[in-house]
Structures are given as structure tokens and as C-alpha cells.
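Could you put the whole structure together from the sequences, leaning on the hints where they help?
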Amino acid sequence: MSERYDVIIVGAGPAGLATAYFLVKKGFKVIVLERGSEPGSKNVFGGRIYSYVLDKYFSGWRSEAPVERWVRREKLSLLCKNDVVSLEYEIGREIDGYDSFTTFLSRFLKWMALRVEQEGAIVATSVRVDEVLFDDGKARGVRVGEDKLEAEYTVIAEGANTLLLEKHSLRDKISPKDITIGIKEVIKLGREKIEERFGLIGEEGLAQFLLSPLFGGGFIYTMKDYVSIGVVYRPLIKDQVEAKDVIEELRLHPSISKLIGDGIPIEYSAHIIREAGYRDLMSKPYGDRYLVVGDAAGLLLNTGFTIRGVDLAIESGRLAGEAIDRISKGEDPSIYVKLLRESEIIQMLKKFRGVPEVLSNHKIYTVYPEIACRILKNMYSVDESPITLRESIREATGSRFSMIKFILELLFMVKNL
Amino acid sequence: MKKMTVEERLTLTKFEVHSKPHITLDLQKCRRCDLKLCISSCPAGLYTLDESGEVKFTYEGCLECGACRIICPEGSISWSYPIGGFGVQYKFG
Chain A
67 MSERYDVIIV GAGPAGLATA YFLVKKGFKV IVLERGSEPG SKNVFGGRIY SYVLDKYFSG
127 WRSEAPVERW VRREKLSLLC KNDVVSLEYE IGREIDGYDS FTTFLSRFLK WMALRVEQEG
187 AIVATSVRVD EVLFDDGKAR GVRVGEDKLE AEYTVIAEGA NTLLLEKHSL RDKISPKDIT
247 IGIKEVIKLG REKIEERFGL IGEEGLAQFL LSPLFGGGFI YTMKDYVSIG VVYRPLIKDQ
307 VEAKDVIEEL RLHPSISKLI GDGIPIEYSA HIIREAGYRD LMSKPYGDRY LVVGDAAGLL
367 LNTGFTIRGV DLAIESGRLA GEAIDRISKG EDPSIYVKLL RESEIIQMLK KFRGVPEVLS
427 NHKIYTVYPE IACRILKNMY SVDESPITLR ESIREATGSR FSMIKFILEL LFMVKNL
Chain B
6 MKKMTVEERL TLTKFEVHSK PHITLDLQKC RRCDLKLCIS SCPAGLYTLD ESGEVKFTYE
66 GCLECGACRI ICPEGSISWS YPIGGFGVQY KFG
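Quick mapping for you: the protein sequence lines, in order, are chains A and B.
If you use our numbering, the first sequence corresponds to residues 67 to 483, in order.
If you use our numbering, the second sequence corresponds to residues 6 to 98, in order.
Bear in mind the hints are in silico, worked out from the structure with no lab data behind them.
In this text, a Cβ means the ideal position worked out from N, Cα and C, and glycines have one as well.
Some hints here could point you the wrong way.
Keeping only pairs whose Cα atoms sit at most 27 Å apart, straight-line, the calculated DSSO-like set for lysine-lysine is [said to hold, decoys possible]:
no., chain 1, residue 1, chain 2, residue 2
1, A, 259, B, 96
2, A, 304, B, 34
3, A, 122, A, 95
4, A, 254, B, 8
5, B, 41, A, 239
6, B, 19, A, 176
7, A, 304, B, 8
8, A, 233, B, 34
9, A, 147, B, 7
10, B, 19, A, 254
11, A, 239, B, 25
12, B, 61, B, 25
13, A, 416, A, 141
14, A, 324, B, 8
15, A, 259, B, 7
16, B, 96, A, 254
17, B, 34, A, 239
18, A, 324, A, 290
19, A, 233, B, 41
20, A, 304, B, 41
21, A, 429, B, 41
22, A, 239, B, 61
23, A, 404, A, 417
24, A, 243, B, 34
25, B, 7, A, 324
26, A, 395, A, 95
27, A, 254, B, 7
28, A, 290, B, 19
29, A, 233, B, 25
30, B, 41, A, 243
31, A, 214, B, 25
32, B, 96, A, 290
33, B, 61, A, 243
Which chain A residues stay away from chain B? Per the calculated CB distances, all over 10 Å, these [as the list claims (entries may be wrong)]:
no., residue
34, 95
35, 130
36, 450
Right, dumping it as C-alpha cells:
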């Protein structure tokens, strides 16, 4: 590896590959270094990507990329011990206009890497970068074991677990309260069963977001032949099911197991998620001859109902590409932050900056789902002494419950979501 | 519907195990830790207590999620990624 590159990119995730894609299109000589044996072999996500960003930059992607299903049905469910309360939205449009699709990230990244290679960049796998080489604060490449690889610019796209940035004191270790662990299982069920049981036709897909006292937050995404289920685990909550068993609370829940119980689990995966949003954004995601992109820079948006990582990663890769191009022509490195601030990304993160606090309130997983389930149970249970909605609410919320506090909390949520 | 243990679940995922552990513990620090959040929050259940109350750890089934290093209140966990090409191999992700 003695050849010289213009840009070395650490990590072949969505942000790293996107940066490579935009730089190589501008004529830079680029190499992406990935520690996994293939692009995507270390990546985990829930299951959905938003289409707009691919429409903008990757011509022909709709016929090439490994799309599993187009999300037509969006479902929010409160999963109590036995009962379930759901709210569903079905998008009433033609299929190819859909805003998002389900996929497997490992497969999607293989496709992205292929596009990057077609443009002329190199994606080298099984290469773990041990450190960035600095000369008086100026990045001049990376060290891989005994080898040194030099370049004009280094892009750090190492993902949510920021080992390199911490090693070089460019970022503090994230606080435990600001992470969750995404714990996921892929279940093989077969196309027919999926379409029948989830009420889907052809290419249609379902994305389901769950809140439950049994496991906290969760998700379900339908693929062609598979279903991805997952839990968003908050490690600091006391007296909860251990992380190693928590996925079973979802898989074996009566209302879920009747849908997927006869399926065959085929992969178990987990990864931390940075949850702090706007607060987590690096104030200076650049330095002399280096830039930080994607999750590593804090670019992940949780709106409370949807989590957006891949589209922001691709967008930040585009801006990093543009920034390096301009820096190489003499502009100041701070142009990267200027571009980020002018883009939608920072605006969106700022707009949704209240969400982390709402999502870290345990009551949205414990108390509120129970209240909803009990109210509806009372409403729809028929016996000799029917009760009014008002009485149901009073019964469900119980005597130790403060209605005023409840209303204040709801207002707080509405304000921040 | 049968409950699966974490050991059963880990057999679903592919690993290329390197002979050198990528995670090591400083047991001195573990001894003075009351919380031991590593045990409850490892999705692969790799942290356990032995009969004498010492934290035990195996690295072979590590999903490389990154949680234990961040959660450990004592800074006892030295965590690096496995050598390039080794460790967990996600096919779906």
C-alpha cells in the first residue's frame, strides 16, 4: 500500500461510501478502508432508508439497489402485556413514488460500494485503521498495523462508536445516558405469509414503531421474505429484562408471535445508537486536513416517530466531498461547517432537539401504553354496567395519578415532537 | 412458541474468531464496582459472575455493539475492534 491517495476514508458505511462517491466524481483519487471482510459486514440498522437522497444523487438506483419493500403502511403500536393499541397510516399513492423503502444495510452497502468502485475509487476491506497520523495537528494519513498510508486528506467515517476520535482526543466518550442499544433479529417467514398476515400486496411494505412496558421502544420492518424485529434498549433503566433476553419479549408477545412465530430466526445483531441529537453534534467536525462525517460527527436524527441515519450520512458525505474540493482550492477548512449549517441537516437536528428528552422519559414506555390499553379495553368491553369514557380514563389512570401532571407532560411532548 | 436462549441466538450469527481477544478487563476495577451494568446490558450475554463474585468475560460472541465500554462506570473495559476481517460477520445487518 505504498501508493499515494488524495483522500483516505476510514469506514465503508453510508457516510464513508457517500464521501468517496462524491469525491471520486470530482476527480479525486480515493481509497476507503473498511475493517469488515466486506462492506456492510459490521453495520446494523433498523430497516428503512428514505428515498429522496438517492433520487438526488444515485441515478438508476430504483432498479439497481437492493430494495426489499416500499413502505406503504406506517404503524404505531402500544404493546401492553396482552392488549395492543395501534394507529395506522396508509399512504395513498402509487408505489414508485414512495418516500422510503425497507432493506438490509449490509446488502445495501455492498451495492453502494459497487457504485463507488464503478466511479473509480478503491474500497479495501479487512483493513482496520489503528490511528490517524498527525504531524503538528495536521492529518497526513493513517496507520494500519505496521503500514503507513499517506494522503492529502483523511475523512473519519467510523460510525457511532468513536474509537479513533477518542484516541486522538477529538471527541469525548459519549455519556451512557445518551446511548441506546439497537438489538435486532431477522426472521425468515416467506413472501406469502408476510403479505397475507401483514396485509401487503406486491412490493408494499410495513414499518411499525412500538412502545411497550415489556421492552421499551421497538420496531418491525417487513422485507420480501424476511421480517426484521428489534428493540431499542435503554441500558440505565433499573429492574428491566436483561439485554440478552429482551428481544424475546417482542418476538414472543402474543400479538407478534401469531404473525411471525412460525418463522425461522436467521441473524441476531446489535449496535449502539447515539440518541442525544443536536446536543451530540461535534462543534468542530474538522481540523487541519481531516473531516468527520455521519454518525461519528453526531449526524443522526430521531424525530420520535422516524429515525434517520442513512440519508443524513449520505448528505453529510456530499457536503464533505464539496468541502474537500473547495479546501483543496484554497478555502478555509471551516467551509465544511458552513456547508453543514446552510444545509437542511443542522436545521432539522435543531428543530427536533427536544425529542431525546421526550424519549428518555420512562413513562412513554411504561405508564402511557398501559393507560391507553386500559381505556380502550373499558370502552370496548361490554357487560351489564357499561362505563363512560371519562370513568374509563379515571379508572385507567388510578388514584395516585395526577391528571394535571399528565396533561402537562402531554403538552411537553407535543411541544417537542 | 419456544423461548430461545442467547447462546442459541448467537449461533445464528457468523463469527470469524481471532485468537487474540479484542476486549480485556481490569478485574481490580471490576471488584470495586457495585453496578456491574456490563452484565445486564450486553446483548450477547458475554459478561457473567463466577462463584466467587468475579466478573467473567468471553469475547467470542461479541456483536461489536460498543455498549459495554461506554456503560462501564469504572473504565475497566479496554475495547478495540478485532483485527481487520475478524469478529462478527453480518450478512443482513
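Hints, one by one, checked against the model:
no.: 1; hint: A:259 to B:96; verdict: 23 Å, holds
no.: 2; hint: A:304 to B:34; verdict: 22 Å, holds
no.: 3; hint: A:122 to A:95; verdict: 23 Å, holds
no.: 4; hint: A:254 to B:8; verdict: 17 Å, holds
no.: 5; hint: B:41 to A:239; verdict: 19 Å, holds
no.: 6; hint: B:19 to A:176; verdict: 17 Å, holds
no.: 7; hint: A:304 to B:8; verdict: 23 Å, holds
no.: 8; hint: A:233 to B:34; verdict: 21 Å, holds
no.: 9; hint: A:147 to B:7; verdict: 18 Å, holds
no.: 10; hint: B:19 to A:254; verdict: 16 Å, holds
no.: 11; hint: A:239 to B:25; verdict: 25 Å, holds
no.: 12; hint: B:61 to B:25; verdict: 16 Å, holds
no.: 13; hint: A:416 to A:141; verdict: 26 Å, holds
no.: 14; hint: A:324 to B:8; verdict: 14 Å, holds
no.: 15; hint: A:259 to B:7; verdict: 20 Å, holds
no.: 16; hint: B:96 to A:254; verdict: 13 Å, holds
no.: 17; hint: B:34 to A:239; verdict: 19 Å, holds
no.: 18; hint: A:324 to A:290; verdict: 19 Å, holds
no.: 19; hint: A:233 to B:41; verdict: 25 Å, holds
no.: 20; hint: A:304 to B:41; verdict: 12 Å, holds
no.: 21; hint: A:429 to B:41; verdict: 25 Å, holds
no.: 22; hint: A:239 to B:61; verdict: 24 Å, holds
no.: 23; hint: A:404 to A:417; verdict: 18 Å, holds
no.: 24; hint: A:243 to B:34; verdict: 21 Å, holds
no.: 25; hint: B:7 to A:324; verdict: 13 Å, holds
no.: 26; hint: A:395 to A:95; verdict: 16 Å, holds
no.: 27; hint: A:254 to B:7; verdict: 16 Å, holds
no.: 28; hint: A:290 to B:19; verdict: 22 Å, holds
no.: 29; hint: A:233 to B:25; verdict: 21 Å, holds
no.: 30; hint: B:41 to A:243; verdict: 16 Å, holds
no.: 31; hint: A:214 to B:25; verdict: 23 Å, holds
no.: 32; hint: B:96 to A:290; verdict: 16 Å, holds
no.: 33; hint: B:61 to A:243; verdict: 25 Å, holds
no.: 34; hint: 95; verdict: 22 Å, holds
no.: 35; hint: 130; verdict: 19 Å, holds
no.: 36; hint: 450; verdict: 36 Å, holds
Checked against the numbered hints given earlier, this structure breaks none of them.
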